[in-house]
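Undergrad: Read off the chains here:
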Amino acid sequence: MNNFFKKEGVKSILSSVLCILAGILLGFLIMIGLSLFNERTTIESAFKGLGILLAGPFSSGNSAYIMTNVGDMLFYASPLIMTGLSVAIAYKTGLFNIGAAGQFYMGTLAALMVALNIDTTGNPAMGILVWILAILAAMATGMLWGAIPGFFKAVFNVNEVIVCIMTNWISANVVTWLFTNMPDLINRGAGKSGYLITTAVTGNGTPKLGLDQIFKGSYIDMGIIIAIILAIVIYVILTKTTFGYELRACGSNKYGARCSGMSEKRNIVLSMAIAGGLAAIGGALYYLNPGIELKFDTAYSQLPAYGFNGIPVALLAINNPIAVIFVGIFIRFLSMGGDQLTSAGFNKYIADIIVALIIYFAGFSMFFKGFITKLTGKKKAAASVSENANMAVKAPDPEPEGSPSGDGQNTGKEADAK
Amino acid sequence: MIFMLQKTLIYTAPLLIVALGGMFSERGGIINLALEGEMIFGAFCGAISARLFLESEVFGTNMQLQFIVVMAISAVCGALFSLLLSFSAIKLKADQTIGGTALNMLAPAIVNAFALAFFNMEKIQMPANFAGYVIKNPDATPIEQIFADKAYISTYVIVVVFILLSIWIYRTKTGMRLRACGEHPQAAASVGVNVFKMRYLGTTISGALAGLGGYAYIATVANGTAESSIAGMGFLALAIMIFGNWKPVGIFFGALLFGFLKCIGPIYNSVDFLKNLGLPMYFYNIIPYVVVLIVLAITAKKSGCPKAEGIPYDKGMR
Numbered sequence: 245m246n247n248f249f250k251k252e253g254v255k256s257i258l259s260s261v262l263c264i265l266a267g268i269l270l271g272f273l274i275m276i277g278l279s280l281f282n283e284r285t286t287i288e289s290a291f292k293g294l295g296i297l298l299a300g301p302f303s304s305g306n307s308a309y310i311m312t313n314v315g316d317m318l319f320y321a322s323p324l325i326m327t328g329l330s331v332a333i334a335y336k337t338g339l340f341n342i343g344a345a346g347q348f349y350m351g352t353l354a355a356l357m358v359a360l361n362i363d364t365t366g367n368p369a370m371g372i373l374v375w376i377l378a379i380l381a382a383m384a385t386g387m388l389w390g391a392i393p394g395f396f397k398a399v400f401n402v403n404e405v406i407v408c409i410m411t412n413w414i415s416a417n418v419v420t421w422l423f424t425n426m427p428d429l430i431n432r433g434a435g436k437s438g439y440l441i442t443t444a445v446t447g448n449g450t451p452k453l454g455l456d457q458i459f460k461g462s463y464i465d466m467g468i469i470i471a472i473i474l475a476i477v478i479y480v481i482l483t484k485t486t487f488g489y490e491l492r493a494c495g496s497n498k499y500g501a502r503c504s505g506m507s508e509k510r511n512i513v514l515s516m517a518i519a520g521g522l523a524a525i526g527g528a529l530y531y532l533n534p535g536i537e538l539k540f541d542t543a544y545s546q547l548p549a550y551g552f553n554g555i556p557v558a559l560l561a562i563n564n565p566i567a568v569i570f571v572g573i574f575i576r577f578l579s580m581g582g583d584q585l586t587s588a589g590f591n592k593y594i595a596d597i598i599v600a601l602i603i604y605f606a607g608f609s610m611f612f613k614g615f616i617t618k619l620t621g622k623k624k625a626a627a628s629v630s631e632n633a634n635m636a637v638k639a640p641d642p643e644p645e646g647s648p649s650g651d652g653q654n655t656g657k658e659a660d661a662k
Numbered sequence: 023m024i025f026m027l028q029k030t031l032i033y034t035a036p037l038l039i040v041a042l043g044g045m046f047s048e049r050g051g052i053i054n055l056a057l058e059g060e061m062i063f064g065a066f067c068g069a070i071s072a073r074l075f076l077e078s079e080v081f082g083t084n085m086q087l088q089f090i091v092v093m094a095i096s097a098v099c100g101a102l103f104s105l106l107l108s109f110s111a112i113k114l115k116a117d118q119t120i121g122g123t124a125l126n127m128l129a130p131a132i133v134n135a136f137a138l139a140f141f142n143m144e145k146i147q148m149p150a151n152f153a154g155y156v157i158k159n160p161d162a163t164p165i166e167q168i169f170a171d172k173a174y175i176s177t178y179v180i181v182v183v184f185i186l187l188s189i190w191i192y193r194t195k196t197g198m199r200l201r202a203c204g205e206h207p208q209a210a211a212s213v214g215v216n217v218f219k220m221r222y223l224g225t226t227i228s229g230a231l232a233g234l235g236g237y238a239y240i241a242t243v244a245n246g247t248a249e250s251s252i253a254g255m256g257f258l259a260l261a262i263m264i265f266g267n268w269k270p271v272g273i274f275f276g277a278l279l280f281g282f283l284k285c286i287g288p289i290y291n292s293v294d295f296l297k298n299l300g301l302p303m304y305f306y307n308i309i310p311y312v313v314v315l316i317v318l319a320i321t322a323k324k325s326g327c328p329k330a331e332g333i334p335y336d337k338g339m340r
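Protein chains in written order, with the numbering used here: chain U, 245 to 662; chain Z, 23 to 340.
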């Protein structure tokens, strides 16, 4: 039995790695294609671009910047880990939390309302207290905000995707609306338009814990440590507690869970609330850094990318909270490489294309895993994943109707799972 | 008042056609979460071809013909892009929400990367003379003005396509088969319907309509700018489809309602009555989303959601 679990874990990681490799390969082909049609670039620059992407933060020519880049990578990864966790825990309960962007905004809103309104300059102890207060405020707001889609799903049976999207845009408008009416918080410095002041002004930014001494010149603070701790906490809750078991049971088979006396509705609302709280802490961690300023005046027209990028992180991590840490850092690793791509004559959006392609392949990889679980005769969370994975992985058939004859045998199980 | 109704129609048209696109995909059994991405991609291809046409003056001064041709190109591009979703969802039986999400991320990345590589901008702006798209009849009677002044030919095209396709899905053999594949694909297959083909058909039509709607949106509402975001219109269309209970008539009224609510935010400043209320724009921006939530809460219980939606077709399952 132990052996089997090991094998499954290995296969999961393997399929994720395959997705990543396929995505990078296709991205490389796109770079080759682009280089042929653009006089600024040649085939060699495509290879150079690939090298830069694979080197990530280490691709900077100047070794003095490498530590800075690594520190920045870790800093930018922490909100990503939080939104990834948010999507992952909802997914475990069978919910698709596409509302992490809105929850991220609500967390930002609450945290900055607290931190920027209380000036603690010159009083570090008070600063830390206010900082904790800001994080808690963000968490509470995010939990309430995240509970809305859960509530609609549980009580009215409204698809959570739609409610999440609606609440996203509502929160985006609320952020701009509220901060527009708070003139004290607006940065009126020269050349600044539409930015808020930062926690550098009020002296209650996220503590650095000396990390800025290691990664000199980077934004890094203890946010990454908090993100890692929270990921472990979520992992323990999901795998080691009754509550976590209930959440997962509702995700695997809500009818089964209901028959066993679990309150499916309660679990849906709680799962979404936790998801909302996590995404909101992500927003708080990002904007409580003394170096990051919020551009609030255009916030209403654009949702934060961090919210949506949590989805690929969770998918690639196969919703495993521990894997979310590594995937979050990995995605930032790719993006750091993407930011350097201009030196090879390409633009940073190539990295975005690669991430999107990786997710596209992740759709197949999930049922590659489902195939393995099925092979070993184990019915598991692969319920939403189709059965005949072998067909996809081995040989896509040109004839739509030409599925291998094997898929007939597996169908009883899927019917049970539904 | 006339101005508001004109604006309502302009905002309604893209929502209407994209929501219908969503319906075609879902009635066939595939959740098309990628409407947003398909709109972005269609709009992007449309903007590029419109630029080329305007620069090379292929259509001379006949702006309306050019508009229609570009809409057709956008539709084809949207359909091609949606094949990525069909392939993963139908052929490989992958999770449909993941495929849709991937497409929604892919489209903006492609737009940014290619626009930057070939046009040195993160978005594509159509030349100023695309303003010739607008039809002006300032001297008409008020009723005629609503429909024919400051109007766009895209609105008429969209209404015609909407009516034809609505009839098609309800009154033809193929349309009925498509709907059967969304309700009970095994039953459909048992009477000889090729479920895979039908689902490809539904999703491809869906992608074409989304691409068309995407270009109509940027040409009429978004000042001819194709960029990496289409302001959540695809998702709003998805909401309208659910609001319309997966039926054309419901979608029609839903799109009208949300076209009206959605246009208030951008234009409230030029309507005296709303301006005098003294409320900020953000308030009006929020209204359509809040209304969607309330309406869904009331109507969702008796949902007409296709039963096999989101479930990959498995021949052996009965």
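Think of the hints as simulated: they come from the structure by calculation, not from any bench. Mixed in with the good hints there might be a few duds.
Computed from the model, here is a short list of chain U residues facing chain Z with C-beta under 8 Å [claimed, not checked]:
| # | residue |
| --- | --- |
| 1 | Y309 |
| 2 | M311 |
| 3 | T312 |
| 4 | V314 |
| 5 | I362 |
| 6 | D363 |
| 7 | V402 |
| 8 | W413 |
| 9 | S507 |
| 10 | L559 |
| 11 | S587 |
| 12 | N591 |
| 13 | Y593 |
In the DSS-like style, the derived pairs of lysine-lysine whose C-alpha atoms are separated by at most 30 Å in a straight line are [said to hold, decoys possible]:
| # | chain 1 | residue 1 | chain 2 | residue 2 |
| --- | --- | --- | --- | --- |
| 14 | U | K592 | U | K292 |
| 15 | U | K484 | U | K460 |
| 16 | U | K509 | Z | K329 |
| 17 | U | K498 | Z | K269 |
Negatives, chain U to chain Z, calculated, CB over 10 Å [what the hints assert, rightly or not]:
| # | residue |
| --- | --- |
| 18 | N361 |
| 19 | A369 |
| 20 | Y479 |
| 21 | T486 |
Note that the structure is a prediction, hence the values are computed from the model and not measured. Heads up, the beta-carbon is just placed ideally off N, CA and C, and yes, glycines get one too.
Undergrad: Run every hint past the structure and note whether it holds.
TA: Each hint tested on the structure:
1. The beta carbon of Y309 (chain U) is not positioned within 8 Å of any beta carbon in chain Z (closest approach about 24 Å), and the interface hint is therefore violated.
2. Because the closest C-beta pair between M311 (chain U) and chain Z is about 29 Å apart, greater than 8 Å, the hint is violated.
3. Interface restraint check for T312 (chain U): the shortest CB-CB distance to chain Z comes to about 26 Å, outside 8 Å, so the restraint is violated.
4. The interface hint given for V314 (chain U) is violated, since its Cβ lies 25 Å from the closest Cβ of chain Z, which is over the 8 Å cut-off.
5. Using the Cβ-Cβ criterion of 8 Å, the hint placing I362 (chain U) at the interface with chain Z is not satisfied: the shortest such distance is roughly 25 Å.
6. Nearest Cβ of chain Z to the Cβ of D363 (chain U): about 27 Å, over the 8 Å cut. The hint is violated.
7. Of the supplied interface hints, the one on V402 (chain U) holds, with its beta-carbon coming within about 4 Å of a beta-carbon of chain Z, less than 8 Å.
8. For the restraint placing W413 (chain U) at the interface with chain Z, the shortest Cβ-Cβ distance is roughly 5 Å, inside the 8 Å limit, so the hint holds.
9. Nearest Cβ of chain Z to the Cβ of S507 (chain U): about 19 Å, over the 8 Å cut. The hint is violated.
10. A cut of 8 Å between beta carbons decides the hint on L559 (chain U): the least distance to chain Z is about 6 Å, and the hint holds.
11. Because the beta carbon of S587 (chain U) sits about 15 Å from the nearest beta carbon in chain Z, more than 8 Å, this interface hint is broken.
12. Below 8 Å, beta-carbon pairs count as interface contacts, and N591 (chain U) has one with chain Z at about 4 Å; its hint therefore holds.
13. Annotation: interface hint on Y593 (chain U) holds; nearest CB of chain Z at approximately 4 Å, less than 8 Å.
14. With a CA separation close to 14 Å, the supplied pair K592 (chain U) and K292 (chain U) stays within the 30 Å bound.
15. For the given pair, K484 (chain U) sits about 39 Å from K460 (chain U) by alpha-carbon distance, which is inconsistent with the 30 Å threshold.
16. A threshold of 30 Å between alpha carbons decides the hint, and for K509 (chain U) with K329 (chain Z) the separation of about 22 Å falls inside it, so the pair holds.
17. The hinted pair formed by K498 (chain U) and K269 (chain Z) meets the criterion: a straight-line CA distance of about 28 Å does not exceed 30 Å.
18. Non-interface status of N361 (chain U) relative to chain Z is upheld: no Cβ of that chain comes within 10 Å, the nearest being about 20 Å off.
19. The Cβ of A369 (chain U) lies farther than 10 Å from every Cβ of chain Z, with a closest approach of about 38 Å, so its non-interface assignment holds.
20. The non-interface label for Y479 (chain U) is consistent with chain Z: the shortest C-beta to C-beta separation is roughly 22 Å, beyond 10 Å.
21. For T486 (chain U), the condition that its CB be more than 10 Å from all CB atoms of chain Z holds, with the nearest at approximately 28 Å.
Violated hints, in rising order: 1, 2, 3, 4, 5, 6, 9, 11 and 15; the structure is consistent with all others.
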